[in-house]
Amino acid sequence: MVNIGLSAGLSFDKKELSARILSSEDVSPISGPCQMLRDIKSTTRETFDPFLLPLFTLTKRPSSYLTGTPNSTSLHMSPMHTKVNPEEPLVYSLQETLSSKSSSLPQSSSRPFTIPDYITDSFPNTSNGYSPQKKRDYSPIRRYNSIKSNYSTEPTSRYNNHLPSLAETQFPDRSFISRSPPFMDGHPKIFSRQRGTLRAMATSGKSIAIGSHHSVRIWDSISCELLYNIDLTVINDLGSKVRALAFVPSFDPRDDGRYLWIGLQNGALIMVDILGRELMEKRTTSHRGAVDFIFRNRNREIWTMDNHGILNIWPVQPKPENYHQPLLKPVRYLITPMLCAVAIIDSIMWTSSGRDISVFHRTEGEMIPYPRIFISKELGDVTNMVLVPFHKSKIFISHNNGTLSVWDITSRKNLYIIQLGKQSITAMESVGERYLWTGYTDGTISIHETRSIPWRTIQQWQAHESSVFSIRANLTAFTQEGSALTVVTADNDGNIGVWDGLLKKYWKEKKMQEYRKEYCVYRDTHVLNCSWNVDAMKPDKLSVGDQENIMEWLSSQNKPDIIAIGMQEMVDLSSKTNTARILLNSYKKTEPLQDTNELLSHRYKLWYEYLSQVIEKIYGVRSYSVIKTEHLVGLFSCIFVKSTEEDRVRQCEATVIKTGLKFMKKSVHGNKGAVAIRFLYDHTSFCFVNCHLAAGQNHLLQRNEDSQDILDSARFGLYPSTFFGGGDLFTHGTDGSQILDHEVCFWSGDLNYRINLGRERVLEHLGNPNKLAAWDALQAQDQLTQQRQKNPMFALYNFTEPPLMFDPTYKYDVGTQDFDSSEKKRIPAWCDRVLVRAADCVVKNTHYRRHEVLASDHRPVSAAFYTKVKQADDNLRDTVAKKVDMEWYIYLVRFEKERKARYVADYGLCSTEKAIRLLDTFNGDVTKVVSKLFLEKEENKAL
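Sequential numbering from 1497 applies to the sequence shown in this note's numbering.
There may be inaccurate statements among the hints.
Stated by the list, open to error - The following label-pair restraints were derived from C-beta to C-beta distances:
| hint | residue 1 | residue 2 | range |
| --- | --- | --- | --- |
| 1 | K2379 | E2112 | 48 to 56 Å |
| 2 | Y2362 | R1930 | 33 to 41 Å |
| 3 | E2319 | Y1912 | 48 to 56 Å |
Stated by the list, open to error - DSBU-like cross-link-like pairs, simulated, lysine-lysine; straight-line CA separation at most 30 Å:
| hint | residue 1 | residue 2 |
| --- | --- | --- |
| 4 | K2000 | K2364 |
| 5 | K2004 | K2366 |
| 6 | K1918 | K2286 |
| 7 | K2364 | K2013 |
| 8 | K1685 | K2001 |
| 9 | K2113 | K2124 |
| 10 | K2364 | K2004 |
| 11 | K2154 | K2101 |
| 12 | K2124 | K2101 |
| 13 | K2410 | K2428 |
| 14 | K2393 | K2006 |
| 15 | K2124 | K2154 |
| 16 | K2393 | K2428 |
| 17 | K2006 | K2286 |
FYI, nobody ran anything at the bench for these hints, they're computed from the structure.
For glycine and all other residues, C-beta sits at the position ideal for the given N, C-alpha and C.
Sequences and hints are given; from them, build the entire structure.
Here it is as structure tokens:
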């Protein structure tokens, strides 16, 4: 009997095996064993892994090698990751090592043979109608899709040890985020003159290479000028498309960014001297499939990989007297085909084809694979892999569902997961020591500070109109005169952006905030925020008791500096007549269009006059001035400021956001939405948002979506450039055009978040004499509290709310203290809320309560806050700014020296410490240091 080492427990008769191997009916010498493997696959479908087949050779060995059974033969699948001659075709051999009893088998079966492409990539299933005589499409993409459709990629029992459990999920801190793009020298550098869909991108020194279809364009990263265009149809007979680009290292660091390697879809490699505009060499035999990746492994090697799983490693050890890159010969290995992401860490290589991770260890003459790791379904497909220098033992892997998984390089275990967003992370790059740049399908780019726990998302901006295709950092920054640490991004449409990798503006603004007390004087300010859903009640219908309670509502803080009043449902939004009238502008054709507007305006006027009278009655005539009012259908906002403080208020502005009826994902009807009013109080920016979110016990996601829409859609005008502030008026250098740009944000209104308990259970808690225990139990089930505590992607996650030390504010029978007794019997809830978000400011709550106005089915709430507002001195600020400029220069010199030392050490000729000493000796001249090191190496060889 012959034991098959591929699967335990299967055996075939020797004669049957030899007959299958040497059958004359097969279309090629290998198709006999392949038919046998197809039979094995159909028998052991659960344990058969077709994706490993291209990585193995077929070799016969004594079965005792696996099973210890004497006098038998086994067909063994042995790894083939050893070096092969790049000038010879890939050969697989079927070797027979038979016992004396099997010597009668023909010797011709041991001859070498070449496996056709369609065999190495695909083993079709005979049960699916395969016939050796049937023509098939042998294109790589078709073969790959065939494998994906015919075979299960789920991990099997033999891989269970390598299927990681879903690690702990973390979320970055987004409270420090800035929307200000990191422009170079404060000016945008974005150009869109690339023709065709972008295929590849590379940057080094001052050069940017962009590949699309049959051409490569070279740009200057400083001036953004097009240097010249390489037309590949002239030098490439087949006219194959560009798939990969990379600048290779040079003996002279001044030439970094001069020699460009181009990988093509037909497997050809083209080497170009862009400075001399010379074609150095073209190779067509190094690869068989599309060259998907070209990596620069430090300054020592170039790794090229194709989609058939061929890896060529080209050693780069340039000699001063004879440097000509194409003369180098590669070392070839076979690895996993059809890769989508690769990362190289010295002798370790991590790869992924989407749903799995393969790790290889490079030793002398071999590329040894570790057991394959399957990706948990919760993570999504792999899109990118990067290394962050600060985290020396970790590798960061992005996925198409917005998650980023962090793995230990040595143990190959998933340490934790970071949820960066909901969109696919389409591009990723490590910049500097600790910053990670990520690009998304909507064209936005985020920068994350990875040193802190949790991570901080420090910048996010709309960099492109379409999906970000690539992010590349200039790793050779400062090695050439005039070069800078630029980060180049590109989208699928060929638009290119050049950004400041040093984040100079962010760095200086952060320092200015640290020194803010040296040029700012702070004053105490008191704010009273009041919110009430009036349920279409008119002020003249209020009872005497309600009028007294309204006075208590507006005087719950003693003489506040700012009183912000927000009201909801000024008209009856539950009335279908009113809703249709508002939506269609008229209910009947005979009614004039202005009837609806007059109704609303009259209602707003009634409440404005009533509130003004109450304020005067409480605090005295002309004690307060109205600085702004705004409305949106049922919403009405009014801001009062002490008359003595009115001159401290500037640049007051309002905007409205509709979130009601939507058409094509855009809100067209304002029965729900928000009114936002912002202004400057001294040199501190305030924003008050009065909102009414989606109603309904089960509409939690819609309420969350409404909140996000309000934050995303609200827009304010830009302040004049001559206006004081810079980074002092708004948070983290933003321009004040959005709500969260402001230093102090209040978010109040009928938020409509409910309690996730049944009505009887809620009433049972409210009947508990121990009110504190009852409120705690109910607040644990409150939807808004849960979202703020457990959902870091929630729009209001960074807002805070004082403890709820009062009964739910909704829903009551009008005129009574009884909860809803109608047929619907709605569950009591804290619908009416006040939240606050303060960036770099001290805000303390002094009270948070409800008030017993019975005229509505909601109870009004008020919240009082104490905060400090700043008054900056221009002259002192200029002095501090000069000090920050000096600190920036010191930081830049240190950073530049570290980057140069690392660049020198990457040649493998000295340590980083020695590189620093040599740079000090040669006044930072990288070229002289590298020349000296190569000269020392030649002298040591001579000795």
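Consistency of the hints with the structure:
Checked against the hint of 48 to 56 Å, the C-beta distance between K2379 and E2112 comes to roughly 49 Å, which is consistent with it. As the Cβ distance of Y2362 to R1930 is approximately 37 Å, the hint placing it in 33 to 41 Å holds. A beta carbon spacing of about 50 Å between E2319 and Y1912 agrees with the range 48 to 56 Å that was offered as a hint. Of the supplied pair hints, the one linking K2000 and K2364 holds, its CA atoms being roughly 29 Å apart against a limit of 30 Å.
With a CA separation close to 19 Å, the supplied pair K2004 and K2366 stays within the 30 Å bound. At most 30 Å may separate the alpha-carbon atoms for a hinted pair to count; K1918 and K2286 meet this at roughly 16 Å. Distance restraint check for K2364 and K2013: the Cα-Cα separation of roughly 12 Å lies within the 30 Å cut-off, and the hinted pair is therefore satisfied. Of the pairs offered as hints, the one joining K1685 and K2001 holds, with about 15 Å between alpha carbons and a cut-off of 30 Å not exceeded.
At most 30 Å may separate the alpha-carbon atoms for a hinted pair to count; K2113 and K2124 meet this at roughly 20 Å. For the hint pairing K2364 with K2004, the CA-to-CA distance comes to about 24 Å; that is within 30 Å, so the pair holds. Proposed proximity of K2154 and K2101 is supported: the alpha carbons are some 22 Å apart, at most 30 Å. For the hint pairing K2124 with K2101, the CA-to-CA distance comes to about 14 Å; that is within 30 Å, so the pair holds.
Among the hinted pairs, K2410 with K2428 is consistent with the structure: their alpha-carbon atoms are about 12 Å apart, no more than 30 Å. For the hint pairing K2393 with K2006, the CA-to-CA distance comes to about 23 Å; that is within 30 Å, so the pair holds. At most 30 Å may separate the alpha-carbon atoms for a hinted pair to count; K2124 and K2154 meet this at roughly 20 Å. Pair hint K2393 plus K2428 holds up; C-alpha atoms about 18 Å apart against a cutoff of 30 Å.
The straight-line distance between the Cα atoms of K2006 and K2286 is roughly 29 Å, inside the 30 Å bound, and the hint therefore holds.
In summary, this structure violates none of the numbered hints.
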